[in-house]
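So in our numbering, the last spot in the sequence shown is 285, and the numbers never skip.
I should point out that these hints are in silico values taken from the structure, not numbers from a laboratory.
For glycine and all other residues, C-beta sits at the position ideal for the given N, C-alpha and C.
Please note that the accuracy of each hint is not assured.
Derived DEER-like restraints, expressed as beta-carbon distance ranges [stated by the list, open to error]:
{"id": "1", "residue 1": "R66", "residue 2": "E197", "range": "33 to 43 Å"}
{"id": "2", "residue 1": "D271", "residue 2": "A178", "range": "19 to 29 Å"}
{"id": "3", "residue 1": "N228", "residue 2": "P119", "range": "39 to 49 Å"}
{"id": "4", "residue 1": "G69", "residue 2": "R123", "range": "27 to 37 Å"}
{"id": "5", "residue 1": "R282", "residue 2": "N68", "range": "19 to 29 Å"}
{"id": "6", "residue 1": "A133", "residue 2": "E53", "range": "43 to 53 Å"}
{"id": "7", "residue 1": "G88", "residue 2": "R66", "range": "15 to 25 Å"}
{"id": "8", "residue 1": "G69", "residue 2": "D101", "range": "43 to 53 Å"}
{"id": "9", "residue 1": "P269", "residue 2": "P126", "range": "25 to 35 Å"}
{"id": "10", "residue 1": "G127", "residue 2": "E248", "range": "10 to 20 Å"}
{"id": "11", "residue 1": "R264", "residue 2": "A146", "range": "20 to 30 Å"}
{"id": "12", "residue 1": "I93", "residue 2": "E53", "range": "46 to 56 Å"}
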Amino acid sequence: MSADLAGLSINVATIRQGETFGAMVDACLKHGITAIAPWREYVTDLPEAARIVRENGLRVTGHCRGGFFPAADEAGRRAAIEENRRAVDEAQALGADCLVLVVGGLPPGSRDLPGARQMVADGMAELLPYARQAKVPLAIEPLHPSYAADRACINTLKQSLDLCDALGDGVGVAIDVYHCWWDPELEAQIMRAGREGRILAHHICDWLVPTTDILNDRGMMGDGVIDLKAFRRMIEAAGFHGAQEVEIFSNRWRARPVDEVLRTCVERFRTAC
């Protein structure tokens, strides 16, 4: 492995055309990449995935994903807690640095955004003792405001950090450039996150102009308008020197061979980040 690639992680969403967890790991190892972030649907055999991680000396920079706490009734909220406990168990078995939380949006039929945010806070408060016991930090990932209704009603670093402060130890943030680059408070909130020891993960990609699909048209680093080098300087000035995790949901990149995607990720990590 090249020394400079120690700071590169691949979120398997970037190479999901690789189909199986083992195949995706093999592809990463071929390119000298030894840090990954699995998604739960690709960990179909947890003991086998844990064996692959362990025997290849992989670092798991995050496990995706927990969250989706809001629900229309108590039964739905209870089911969400139980599902999140299973996600914590998986993250623990894989030795993940954190469990990434996409917290959830409005319950079906609801227009009560403050109520949804309260459900998130309540759900995390209930999950947190279980996660602390498992020694799995919970990483709130604030999502772009366009996702407030359906995926995440927590949309800024400030909101995320305020919630972290209310909950206490064992929680932090996953800072994804795609979701946060536009925030006028970005630098101040990154520095705050660093002072509070809350930065658990850093995800990278790029914002294309135009973006034709808010979910599946993320850009490869260097192809869009985000100043990734400046973003990285802010993250490192705040004290986070962990891996940069490439997470690219993209129909165009999904149509390309995994080797081509990973080769480009390595090149852009070296030149654009």
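These are the hints, each one checked on the structure:
In this structure the hint that R66 and E197 lie 33 to 43 Å apart at CB holds, the actual value being about 40 Å. One distance hint, 19 to 29 Å for the beta-carbon pair D271 and A178, is violated here, with the actual separation near 45 Å. Range check, N228 to P119: Cβ separation about 25 Å, and the 39 to 49 Å hint is violated. Separated by about 49 Å at the C-beta atoms, G69 and R123 break the suggested range of 27 to 37 Å.
The supplied range of 19 to 29 Å is met by R282 and N68, whose beta-carbon atoms lie about 23 Å from each other. Between A133 and E53 the Cβ separation comes to about 27 Å, which falls outside the hinted range of 43 to 53 Å. G88 and R66 have their C-beta atoms about 36 Å apart, which leaves the hinted 15 to 25 Å range violated. In this structure, G69 and D101 break the distance hint of 43 to 53 Å, their C-beta atoms being roughly 22 Å apart.
Distance hint for P269 and P126: a CB-CB separation of about 46 Å, inconsistent with the stated range 25 to 35 Å. Between G127 and E248 the C-beta distance comes to about 38 Å, which lies outside the given range of 10 to 20 Å. Between R264 and A146 the CB atoms are about 38 Å apart, so this pair departs from the stated range of 20 to 30 Å. Taking 46 to 56 Å as the suggested C-beta distance range, the pair I93 and E53 does not conform, at roughly 20 Å.
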